[in-house]
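Now for the letters of each chain:
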Amino acid sequence: MPRRFVEEGDGTIAEEALRALEAQLRGKAPEGLSRLHAEQLQHLAEAVREARHRQAAELEAAGDQALRHIPKALRVPLRRVLG
Amino acid sequence: MSEGLDARAEIFKLARLLRRDPAALEYLEQVPSTDIRALREQVTDMLFTAHGHALSRLAAASKVLPVGLIAIIGERAFGPVLAARIAGMLEPSRAIDVAAKLPTSFLAEVAIDIDPRRASDVIAGIPPQQIAAVTRELVRREEHVTMGRFVGHLSDEAILAALEALDDRTLLRVGFVLEEKDRLDHIVSLLPERRLNGVTEAAAAANLWPEVLDLLAHLSKQRRSAVALSAAAISLDDAALARFAWAVIQEDAWDPLFEIAERMPEHELARFAGALADHLSNLDPADRERVLAHGQSAGILERLGPLRVALGSGP
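Residue numbers (this note's numbering), protein chains in the order written: chain W, 22 to 104; chain H, 9 to 323.
Just chain W, same shape as in the assembly:
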């Protein structure tokens, strides 16, 4: 069944915003989100995108730091495991 959006005229933009959100979620968004306006869906998509990027940056920084704390004797076998 096609999704029904709250305001006529807002439909196409809202469809696009929903697709952008679903791209961030890597899956179909819950049906109830079709009640939202385009700008609200865009706000949600942006919040999810920021959460993913923030996590990626934190993980990268942590990975860079990790090996500095490992004793030299353990770095070679560790690198082997890490690939």
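Honestly, the hints are just simulated from the structure, not real lab data. Be aware that a few hints might be false.
[To be verified] Cβ pair distances, simulated, as ranges:
1. H/PRO135 x W/THR33: 25 to 35 Å
2. W/GLN86 x H/LYS229: 27 to 37 Å
3. H/GLU37 x W/GLU67: 11 to 21 Å
4. W/GLY48 x H/GLU34: 20 to 30 Å
5. H/ARG298 x W/GLY48: 35 to 45 Å
6. W/THR33 x H/LYS229: 45 to 55 Å
All figures in this text were calculated on a predicted structure; none of them were measured in a lab. Heads up, the beta-carbon is just placed ideally off N, CA and C, and yes, glycines get one too.
Please build the complex by placing chain H on the supplied structure of chain W, with the hints as guidance.
Okay, now just chain H, sitting in the frame of chain W:
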């Protein structure tokens, strides 16, 4: 129970995950709470599966390191976000040993970022005294959503230790955003009577009536009766009474209200019914009819004089 309350609790949780102010996500109140929860679970799954390959290799690498060194690397190099992602990938007994060597403040930060569903065995194995220490730190940071996500993974012994670390206001706030609300009845059963009185007094002092009404809606009849009795025994000043009445109307929480009202002393009930009647102009006729029907079926309406008049059921 009020769909509005459920939606608001879910918005708090999603905002915590996205690190946004809940007020910025208020527009989600028009979305069913079950869909907000589904969205939150989708975001959690997306975050926890991203970079999964690199994380599993890090977890595998930790097998060749002594526990003490993993704790040092976890705290000083990985930081709480990465530690939270990896915790669920370690052998649980090993992760519990690592946690024992980490400072409470760091564990509290890990708790904020962890997905308890992915580290349930680790959480269940943390000793109660350490759970209590982390809880005290989370209380200090007002991390109500974080605490609410953990309860379903704790033993009774650990829950009791955590409850001791929670003040009455925080207890109500955590209950409101609890992940598994079907556990509320059991948790309340673990509370001594003095805590029940403390919780309702905290509601009156801090205007946490929506939280109390939500709590009542999730309890069994026996437990509901004990909480309602405690709430009914509090004598509120006019301003507090008006706030309570407004919360009932705004949250459409008539069933919990009747539980409390039927246990109130006559003079307090009359005052409360008057405060409610003052607000009833905000209800449309269909809602008034519904409240009237609820009150009649609860057998309480004849005692709610001014309210009964305001509802149009005669003097």
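Status of each hint after checking the structure:
| no. | hint | result |
| --- | --- | --- |
| 1 | H/PRO135 x W/THR33: 25 to 35 Å | violated (57 Å) |
| 2 | W/GLN86 x H/LYS229: 27 to 37 Å | violated (55 Å) |
| 3 | H/GLU37 x W/GLU67: 11 to 21 Å | holds (19 Å) |
| 4 | W/GLY48 x H/GLU34: 20 to 30 Å | holds (25 Å) |
| 5 | H/ARG298 x W/GLY48: 35 to 45 Å | holds (38 Å) |
| 6 | W/THR33 x H/LYS229: 45 to 55 Å | holds (51 Å) |
Comparing the model with each numbered hint stated earlier shows that hints 1, 2 do not hold.
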